[in-house]
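Starting from the known structure of chain B, fit chain Z onto it as the hints suggest.
For the protein sequence lines, the chains are B and Z, in the order given.
Going by this note's numbering, the first sequence opens with residue 113, and the numbers climb by one from there.
Going by this note's numbering, the second sequence opens with residue 113, and the numbers climb by one from there.
Each hint should be verified, as a subset may be incorrect.
Given that identical chains are not distinguished, each listed pair holds provided it fits within a single copy or across any two copies.
No more than 25 Å apart at the CA atoms, straight line, and that leaves these computed lysine-lysine pairs for BS3-like [unchecked claim]: (1) K118 x K163; (2) K298 x K288; (3) K273 x K370; (4) K180 x K273; (5) K298 x K180; (6) K288 x K300; (7) K298 x K370; (8) K520 x K288; (9) K365 x K337; (10) K520 x K370; (11) K288 x K154; (12) K273 x K337; (13) K305 x K154; (14) K180 x K300; (15) K273 x K118; (16) K520 x K305; (17) K365 x K447; (18) K288 x K180.
Since the hints were derived computationally from the structure, they do not count as laboratory data.
Letter by letter, the chains look like this.
There are 2 protein chains.
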Amino acid sequence: MGDKRKQLHLNLFLMSTGHHEASWRHPNSAPERAVDVNYYVKLARTAERGKLDSLFLADSYGLPPTIKYKVLQGLEPFTLLSALAMATERIGLIGTASTTYNEPFHVARKFASLDLISGGRAGWNIVTSTGNTTAFNFRDEELPDHSDRYRRAEEFLQVVKSLWDSWEDEALVIDKQSGIYADPDKIKPISHKGDYYAVRGPLNLPRTPQGHPLLVQAGASETGKEFAAMAAEAVFTAQNNIEGGRRFYSDLKSRLAKYGRTPEEACILPGFCPIIGDTEAEAREKEQALHELTQIDYGLYRLSNLFGINLAGYPLDGPLPYADLPQTEQINSQKGRHQMFIEMARTEGLTIRQLMMRTASSRGHFSLAGTPVQIADAMERWFAEGAADGFNLMPPYLPDGLDDFVDKVVPELQNRGLFREEYTGGTLREHYGRPLPSRALLSAQLKA
Amino acid sequence: MGDKRKQLHLNLFLMSTGHHEASWRHPNSAPERAVDVNYYVKLARTAERGKLDSLFLADSYGLPPTIKYKVLQGLEPFTLLSALAMATERIGLIGTASTTYNEPFHVARKFASLDLISGGRAGWNIVTSTGNTTAFNFRDEELPDHSDRYRRAEEFLQVVKSLWDSWEDEALVIDKQSGIYADPDKIKPISHKGDYYAVRGPLNLPRTPQGHPLLVQAGASETGKEFAAMAAEAVFTAQNNIEGGRRFYSDLKSRLAKYGRTPEEACILPGFCPIIGDTEAEAREKEQALHELTQIDYGLYRLSNLFGINLAGYPLDGPLPYADLPQTEQINSQKGRHQMFIEMARTEGLTIRQLMMRTASSRGHFSLAGTPVQIADAMERWFAEGAADGFNLMPPYLPDGLDDFVDKVVPELQNRGLFREEYTGGTLREHYGRPLPSRALLSAQLKA
Chain B
113 MGDKRKQLHL
123 NLFLMSTGHH
133 EASWRHPNSA
143 PERAVDVNYY
153 VKLARTAERG
163 KLDSLFLADS
173 YGLPPTIKYK
183 VLQGLEPFTL
193 LSALAMATER
203 IGLIGTASTT
213 YNEPFHVARK
223 FASLDLISGG
233 RAGWNIVTST
243 GNTTAFNFRD
253 EELPDHSDRY
263 RRAEEFLQVV
273 KSLWDSWEDE
283 ALVIDKQSGI
293 YADPDKIKPI
303 SHKGDYYAVR
313 GPLNLPRTPQ
323 GHPLLVQAGA
333 SETGKEFAAM
343 AAEAVFTAQN
353 NIEGGRRFYS
363 DLKSRLAKYG
373 RTPEEACILP
383 GFCPIIGDTE
393 AEAREKEQAL
403 HELTQIDYGL
413 YRLSNLFGIN
423 LAGYPLDGPL
433 PYADLPQTEQ
443 INSQKGRHQM
453 FIEMARTEGL
463 TIRQLMMRTA
473 SSRGHFSLAG
483 TPVQIADAME
493 RWFAEGAADG
503 FNLMPPYLPD
513 GLDDFVDKVV
523 PELQNRGLFR
533 EEYTGGTLRE
543 HYGRPLPSRA
553 LLSAQLKA
Chain Z
113 MGDKRKQLHL
123 NLFLMSTGHH
133 EASWRHPNSA
143 PERAVDVNYY
153 VKLARTAERG
163 KLDSLFLADS
173 YGLPPTIKYK
183 VLQGLEPFTL
193 LSALAMATER
203 IGLIGTASTT
213 YNEPFHVARK
223 FASLDLISGG
233 RAGWNIVTST
243 GNTTAFNFRD
253 EELPDHSDRY
263 RRAEEFLQVV
273 KSLWDSWEDE
283 ALVIDKQSGI
293 YADPDKIKPI
303 SHKGDYYAVR
313 GPLNLPRTPQ
323 GHPLLVQAGA
333 SETGKEFAAM
343 AAEAVFTAQN
353 NIEGGRRFYS
363 DLKSRLAKYG
373 RTPEEACILP
383 GFCPIIGDTE
393 AEAREKEQAL
403 HELTQIDYGL
413 YRLSNLFGIN
423 LAGYPLDGPL
433 PYADLPQTEQ
443 INSQKGRHQM
453 FIEMARTEGL
463 TIRQLMMRTA
473 SSRGHFSLAG
483 TPVQIADAME
493 RWFAEGAADG
503 FNLMPPYLPD
513 GLDDFVDKVV
523 PELQNRGLFR
533 EEYTGGTLRE
543 HYGRPLPSRA
553 LLSAQLKA
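In isolation and in its complexed conformation, chain B is listed as follows (with noise of 0.2 Å):
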């Protein structure tokens, strides 16, 4: 397995024009381009060339309101995901899919069929769903409540690794002499029923090269830990300060002990906008540009609709109206988000317009303006003071944004040792460490 050294994981965010609210209005962005596969194809490629362990895609059922101020998201991602499985060859690819509103047979058999197509590159991010914009697409009906969509993901996940496991590893025969093509003994119903769903199974697609996906998940909610500790072996995760990711790094490892995982198990990686400039002069010019593209208006909405406040009342130039705001328990979807900004005015004493620029970048993530060796300064700290095992890249604006990064922080982290040189393993799994799950576990060591 190459390298023994423990390293970095990467895995690139990978969205239209990128992560700044503003950037699709840089004058080296394509926002033309947010829904032509090619773009894509180029930018996946450019992160295989830096060896990232995987790219990402988030995903939403709806079309935002702010869609006057703001590019398009992207492409579907399992169609977008498995055009870029032909366009690759070693880069894991993980799609996000909703528990909330799917159906766990569409959702295990499509990331069977990316698994098979891409050669073990497939990875789930399972999300739950925010806000009725989504929920209005399906039925006429608000959004679950939060422990409702959460109940649901557990029972959902849950078939979906039945589904999974419906097929033993030696269940295909293919003996064109007897004519027995596969060996039903070693394909079983799962005979689901539970509160929520009812499937019986079996997959109508054998055990995949990775038998599951790697399973990925970004809840910051007390429920959302809890889930990630449960189910997830890498988990996404929005911090704003290298101190808010060691809490959160020390936090979520303690509970993997109870589902009977070691810290290990789980990857945790902080979101990390860098702005990347030759000189530290460089890097600021790029960030203040950004910021004098970026909009009221749609700051104004993202806040509100996070804050579920109408802010566009209150003075700009004045502090977070706090006796205002709804408490982090009465609202229904990014509860972790709502509780970080809330802390991050306060703590900072931001005005709204403060904090609409400090969460410009990336919503809230650890974002830093500095040259490859101070990019590279910061994830190492992050790495080794207990914050990161790594990072979900989210550049600022794309294309320059990744090449920046791939050719100038990649390189960096390679000569610290940081980072891997080459691909070792041909599978997602691999890239993170993490071994088939137990049945296709047997059978390889059954074969060795």
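Quick look at chain Z alone, frame taken from chain B:
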């Protein structure tokens, strides 16, 4: 638009090792590659070399209980077609999605994404699902009855079309200077609330190259034919002989006027399984070799399933037990196929074993063993005599059956002026001579 003379339309019905139920046992077939994307890439490129209009993937959401004896159908359609879009340039890509076990928002979006990824080559084969093997993978309930499924399909299709129409062509502004990305007045909710679905919209993708992916359907019951007449732009049909083909053709074409459509607006493509030899004797030998690989257990299951009665207790070399068979009206799916098989057995006086063999190559579709000239003669006759606008090509085994067709039959059809020598359009709609749907058409006219 190139050649104005009426020509055949040809679709490749792509299914793992081919359409003969014993194809996987053929010495040249590769059943171990049934879930290998590169296998399908090669076949798709062969079809494209033959200038075929499109390729098509059937689908079902369950594992047939006959997996012991018959190869898997293949990968999941959206992921596979998206991969094939990257490996081909011109051929249309038609995927099956059920209106009974999907959400219209997801289906509209995935086809829109595929249409964007493929540059306007997506088509949707609309099915309502058959059988409880599928049903029990989604809920603890049997398949809804036939008429309920079609009522649901009608509403589902209306929702999907409205979502595809929810963005006007000119909705994207993308003005970096002013910060206006899209014109919200040109992106409208659909606010659908019907008997089965509530979908607010709009879609979260802009209008695609084709506006609407091509609509395909294959219902053979009365309700199915009405649905096709209302909605389908290409109609697949299973017809055992030219008389049946003519009846179906004039029947379906005559139903179009009721929906304000001309006969040209629905292209009728009977399934066709050509077994091609350089001599007639060679073709017959190939057919015989496949028949000898056919397994009685599988054939009995297939016919029992269709007829709704266990045939295992009846003498194989005796007639169908007509008196014991449920009537077509009593069965819930594949009504057209049911009727056709009974008629075929009665008219030709077939035993159970003979019916099994007669339908093993293509499940009752027109099948012919002959030389390339004989194959082309038959196709020309169906075309000239009002039984077909083209064919849904079902090679008995792959890759040979497709190679033979492309290398030997296509040139013969081209020599007769019956088939294109080069693609003249870039989209699936152009291949089938179907205009863009009105909103896109209007805008194209304004631009011209």
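Hints that the structure is at odds with (numbers, increasing):
Structure breaks hints 7, 8, 10, 13, 15, 16.
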